[in-house]
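> In terms of this note's numbering, the sequence shown opens at residue 3 and continues consecutively.
It should be emphasised that the hints constitute simulated quantities derived from the structure, not laboratory data.
Careful: at least some of the hints might be erroneous.
[Said to hold, decoys possible] Calculated lysine-lysine pairs in the BS3-like style (CA-CA distance at most 27 Å, straight line):
1. LYS95 <-> LYS6
2. LYS237 <-> LYS225
3. LYS265 <-> LYS225
4. LYS95 <-> LYS225
5. LYS6 <-> LYS237
6. LYS6 <-> LYS225
7. LYS265 <-> LYS237
8. LYS6 <-> LYS265
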Amino acid sequence: MTMKRALTIAGSDSGGGAGIQADLKAFAALGVYGMSAITSITAQNTVGVQGVFDLPPEFVGLQIDSVVTDIGVDAVKTGMLSNAGIIEVVAAKVREHALPHLVVDPVMVAKSGDPLLRPEAREALVELLLPLAEVLTPNLHEARALTGLAIEGLEDMRRAAEAIHALGPRNVVLKGGHLEADPADLLFDGQRFIMLRGERIVTPHTHGTGCTFASAIAAGLAKGRSVEGAVREAKAYITEAIRHALPLGHGHGPTNHFAVLYKAAGWG
């Protein structure tokens, strides 16, 4: 059996709950081989982000070249791309290598509220990367930033999804976890709206949920799932990861990326 391969292009989270650490854990849990191109190094924990160091854009590109020209890639997920130079290089490499199944998580703000995308980089993200995305996974805060729309309910989510789809991504998964009602995610492919309802799990330990969800979608696409199938599988996966979240640290603890595997093994 040939193992499918997924590449994350994202920032590093020293606390291990988000960023490339979360992505690689999700890839492993879902049975794909994970690789990484690091864009930024953060000093980060469950309480906040204490520092950010961006890698030179050309070195980000070199990491992508190294992986693609040797191991190969079946799907790609992007996360923290903090400046316009990095976004420009990532978009160029996606086109140069014709990288398949690009899932873009438009990371703008950390769970703690610390900014992770510079304001001047937002235009580059919209113009260069969104049109290349097979799937875009904004939360409501990111959707508001991308569209300028107020989003308070499901009808607002539909309007926002249409507006975001017009920016270029082939599929939009608008995450509704910040709604007051039970969380519902909305998948829009330009023609159909598919509502994916979930359950509200009351826990403060949700650090890394966005990264993990997008990575799970990429894993599904790498394995040949349809977009809808990959999104449904990812939603089921992240729900269990949140249900068994880890109360580590003094702030927002991480989700449990291996919850399903641990349960199957009788470890918890």
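> Within a Cα-Cα threshold of 27 Å, do LYS6 and LYS237 meet the stated pairing?
Since the Cα atoms of LYS6 and LYS237 sit roughly 20 Å apart, the hinted pair holds (cutoff 27 Å).
> For LYS95 and LYS6, compute the direct alpha-carbon distance and say whether it is at most 27 Å.
20 Å, holds
> Does LYS265 lie within 27 Å of LYS6 when you go C-alpha to C-alpha?
24 Å, holds
> Does the structure keep LYS95 and LYS225 at a Cα separation of 27 Å or less?
22 Å, holds
> Going straight from one Cα to the other, do LYS265 and LYS225 come out at no more than 27 Å?
23 Å, holds
> Hint check: LYS265 vs LYS237, CA-CA at most 27 Å. Holds or violated?
The given pair, whose Cα atoms are some 18 Å apart, holds under the 27 Å limit.
> Would the hint linking LYS237 and LYS225 be met if the CA-CA limit is 27 Å?
16 Å, holds
> Do the alpha carbons of LYS6 and LYS225 lie within 27 Å of each other, as the hint requires?
6 Å, holds
No hint from the list above goes unmet by this structure.
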